[in-house]
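In the order they appear, the protein sequences are chains A and B.
Numbering follows the numbering used here, with no gaps: position 428 of the first sequence is 428.
Numbering follows the numbering used here, with no gaps: position 173 of the second sequence is 173.
Rather than coming from a laboratory, the hints here were simulated on the basis of the structure.
Since the model is a prediction, treat every value here as computed from it, not as a measurement.
In silico SDA-like pairs for lysine to any residue, Cα to Cα no more than 25 Å straight-line:
no.: 1; chain 1: B; residue 1: Lys134; chain 2: A; residue 2: Asp100
no.: 2; chain 1: A; residue 1: Lys70; chain 2: A; residue 2: Leu87
no.: 3; chain 1: A; residue 1: Lys51; chain 2: B; residue 2: Phe267
no.: 4; chain 1: A; residue 1: Lys51; chain 2: B; residue 2: Leu29
no.: 5; chain 1: A; residue 1: Lys228; chain 2: A; residue 2: Thr210
no.: 6; chain 1: A; residue 1: Lys61; chain 2: B; residue 2: Ile288
no.: 7; chain 1: A; residue 1: Lys61; chain 2: A; residue 2: Asp286
no.: 8; chain 1: A; residue 1: Lys263; chain 2: A; residue 2: Lys405
One-letter residues, chain by chain:
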Amino acid sequence: MVTRREFLGMLGGGIVGLAVGGALGYTLAPKGPSPEEMAGKLPGVPSEPLKIGGMWFLTGKFGTYGDMAKKALQLAVDEINASGGILGRKVEITLKDEADRQNVLQNIRKMVEEEKAEFLIGIDSSGDVLKLAPVVENDLHVVTVITHAATPKLTACNKLHYVFRISMYEEPIDVAAAKLVAEKFPDVKKVASIGPDYAYGYDSWAIFSTNLKKLLPGVEMAEPMYSKLGTEDFSSYIDKMLAYEPDLVFSSLWGGDAATFVKQAVSKGLFDRVKYYLNPMLGATDTLKAIGDGNVPTKAQVWGSGRYWFLYPPHDVWPLNKTFVSKFKSRYGEYPPYVSATSYTAVYALKAAIERAYVMKGAWPGQDDVVAAMEGLAVAGPMGPVAMREDHQGVYSVFWGRLTKGAPNYPHPILTDIQVFDFGEVFPAPGQTAVKCQ
Amino acid sequence: MGEEVKEQEVSMETVAMILGVILLALVPLAGRHMTHLVASALLLSLAATSFNLLFGYTGLLSFGHALFWGVGGYTVAVMMARFGFGYLESVAAALAMSAIMGAAIGFLCVRHTRIYFAILTLAFGQMFYGIAVKWDFLGGSDGIYGLPRPLNSLELYYYVVLASVLVSLYILRVITRSSLGLSFMAVRDNAFRAEFLGIGVRATRLKSFIISATFTGLAGALWVLLETAIGPESMFWTHSAEFVFVTLLGGPRVFLGPVVGGFIYAFLADVAMSVTEFWLFVIGAVLIGIVLFFPYGVLGYLLKRLRG
Numbered sequence: 001m002v003t004r005r006e007f008l009g010m011l012g013g014g015i016v017g018l019a020v021g022g023a024l025g026y027t028l029a030p031k032g033p034s035p036e037e038m039a040g041k042l043p044g045v046p047s048e049p050l051k052i053g054g055m056w057f058l059t060g061k062f063g064t065y066g067d068m069a070k071k072a073l074q075l076a077v078d079e080i081n082a083s084g085g086i087l088g089r090k091v092e093i094t095l096k097d098e099a100d101r102q103n104v105l106q107n108i109r110k111m112v113e114e115e116k117a118e119f120l121i122g123i124d125s126s127g128d129v130l131k132l133a134p135v136v137e138n139d140l141h142v143v144t145v146i147t148h149a150a151t152p153k154l155t156a157c158n159k160l161h162y163v164f165r166i167s168m169y170e171e172p173i174d175v176a177a178a179k180l181v182a183e184k185f186p187d188v189k190k191v192a193s194i195g196p197d198y199a200y201g202y203d204s205w206a207i208f209s210t211n212l213k214k215l216l217p218g219v220e221m222a223e224p225m226y227s228k229l230g231t232e233d234f235s236s237y238i239d240k241m242l243a244y245e246p247d248l249v250f251s252s253l254w255g256g257d258a259a260t261f262v263k264q265a266v267s268k269g270l271f272d273r274v275k276y277y278l279n280p281m282l283g284a285t286d287t288l289k290a291i292g293d294g295n296v297p298t299k300a301q302v303w304g305s306g307r308y309w310f311l312y313p314p315h316d317v318w319p320l321n322k323t324f325v326s327k328f329k330s331r332y333g334e335y336p337p338y339v340s341a342t343s344y345t346a347v348y349a350l351k352a353a354i355e356r357a358y359v360m361k362g363a364w365p366g367q368d369d370v371v372a373a374m375e376g377l378a379v380a381g382p383m384g385p386v387a388m389r390e391d392h393q394g395v396y397s398v399f400w401g402r403l404t405k406g407a408p409n410y411p412h413p414i415l416t417d418i419q420v421f422d423f424g425e426v427f428p429a430p431g432q433t434a435v436k437c438q
Numbered sequence: 001m002g003e004e005v006k007e008q009e010v011s012m013e014t015v016a017m018i019l020g021v022i023l024l025a026l027v028p029l030a031g032r033h034m035t036h037l038v039a040s041a042l043l044l045s046l047a048a049t050s051f052n053l054l055f056g057y058t059g060l061l062s063f064g065h066a067l068f069w070g071v072g073g074y075t076v077a078v079m080m081a082r083f084g085f086g087y088l089e090s091v092a093a094a095l096a097m098s099a100i101m102g103a104a105i106g107f108l109c110v111r112h113t114r115i116y117f118a119i120l121t122l123a124f125g126q127m128f129y130g131i132a133v134k135w136d137f138l139g140g141s142d143g144i145y146g147l148p149r150p151l152n153s154l155e156l157y158y159y160v161v162l163a164s165v166l167v168s169l170y171i172l173r174v175i176t177r178s179s180l181g182l183s184f185m186a187v188r189d190n191a192f193r194a195e196f197l198g199i200g201v202r203a204t205r206l207k208s209f210i211i212s213a214t215f216t217g218l219a220g221a222l223w224v225l226l227e228t229a230i231g232p233e234s235m236f237w238t239h240s241a242e243f244v245f246v247t248l249l250g251g252p253r254v255f256l257g258p259v260v261g262g263f264i265y266a267f268l269a270d271v272a273m274s275v276t277e278f279w280l281f282v283i284g285a286v287l288i289g290i291v292l293f294f295p296y297g298v299l300g301y302l303l304k305r306l307r308g
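The task is simple: from the sequences and hints, build the whole structure.
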């Protein structure tokens, strides 16, 4: 039994103890400079925080992309702020939802002109990036780093100044797919395909098939099939494939569609009849989660790629990937998908470019100084070193891996037997693309 | 259902004038983002008012009106990007194209009313959305982008938008007060009786449809020049639903209701998104609130209160 007086006494003692401990802890703890203390310490650097504007799909059926990008952005910004910000400026972020399709440009403008974002990152949709780029170039004049939209047209068909793309785009992955087939599965005679029914699906097939025809001229190809985004029943497509009897199926389906297709193909026995299944968008953790270990085919080889794979480069070879994956996993409870890696890298690319431009100029750099510093920049990301080419396309190596059960180490299937294609083998030269410009 | 009250119209016109003047004055002061925001709010308001000519005045709920926004927009984009025309010819062509499409689609739709009309318009809207996604000539899912903005200046173009919207609203207002406008309302309130009074019901509905489509097309055409780009999503049914939402928000039985709704919607979305990523939830909650507590819309409710 504790009396009221005893209780108050203990409470008082506790408070004194806390105060003493706190004061001691405060004086003894090692102290790095906080961004606030650093502000204004470097000559020519403004003291107010540096704001980065981000736009992804934050809501709706593609909302996972924005969520994962935002988490990685937060991780990068927290890391940078914990070690003094960018040249002493604390980094802040402001976000807008790309799902407001009708107002993409208006929302971008708001971030730049009203919320004073000095740099922009993000953009999921190819359509959005193509309409945004001319506005950034001609009107807004802010350095913008694209982290997801994958149309070859952005960098191949435009002369970009302020816009850069750090993320891998679709063409090198599809070129690598053709190389993978030619090198590893030269026995392929008949190819069937399916893709989403819009530009990405058409382009992806065009790139893959053109390249494969060059490498394996004898291959016979079925008329490509396209399904609407969000298709729930693929049985008619699968039946057509079964009737065609291909050795290889190429699928550029992505997200939920990619998973639904694999699951239904498993139950309809497609993977007992074909030898190989290739999907350039399979290496996305949300897709792999949706497929699940139970649907990993055993007979046919299923191969996937992506813009980043959390186990490549191997963690012992490239420790940065290990740190990134473990930080992301411990903070958010899952393995980082590609949008996380590219968004994370985009922030570090901006940081490196700003720092480089600051040194060259001796004062806080303007937008054009940062552009100059970005061109030819190399930055280390979780996906390995990324080099910014003169066409403002970030280049790094492409991987393809075989779908394998993740158990017992991973909660979803993973890609193994990773095949790497150096950028020189699979990236078209600047200004080149197999896709027709507008 | 409420009906137009004559003595209110004079003060509403005054409100409209004052609003116009305030907006004009606002532009240079409030920065480029505000200019862009107000310009798109104006165009949304014009589209919703045109939609409401059919909905509030003629009693036909179109769920595919973004189709005409898209027709206007794509006509301008195609004329400029594919054929190299200037923006004046392109906007003129967009008006003609919207009227023609309005006549063709309206001819097929006005045979039906109520839910059948709504479903039919929705189907046409989605059909043209599908065409825009698939047709290379229209840029497919990427759309058409990189158009030059008229006068090379957002601020100057804002005045073009403002003037066009004010003139269009004035024309629409004159129409609603004309014998044609009265026949719209007669058809809305009692088609059977209107028929006996010698009003051709189907022809009247078609006229309303064509006028509505033309001004929605104009809004789309001017919007493309503001955005310098257009994609298929501007014809998607969710955009059509935006016109319905905006009209309900402001009040379908008051001429300026959709304008008030358009501004509330544009500013609400703009502010909500800056505050929270659950901005759609905010908009949804507002819609539920309006439907439950303001059945005549915000402006409709205010006018009712003012009248006592």
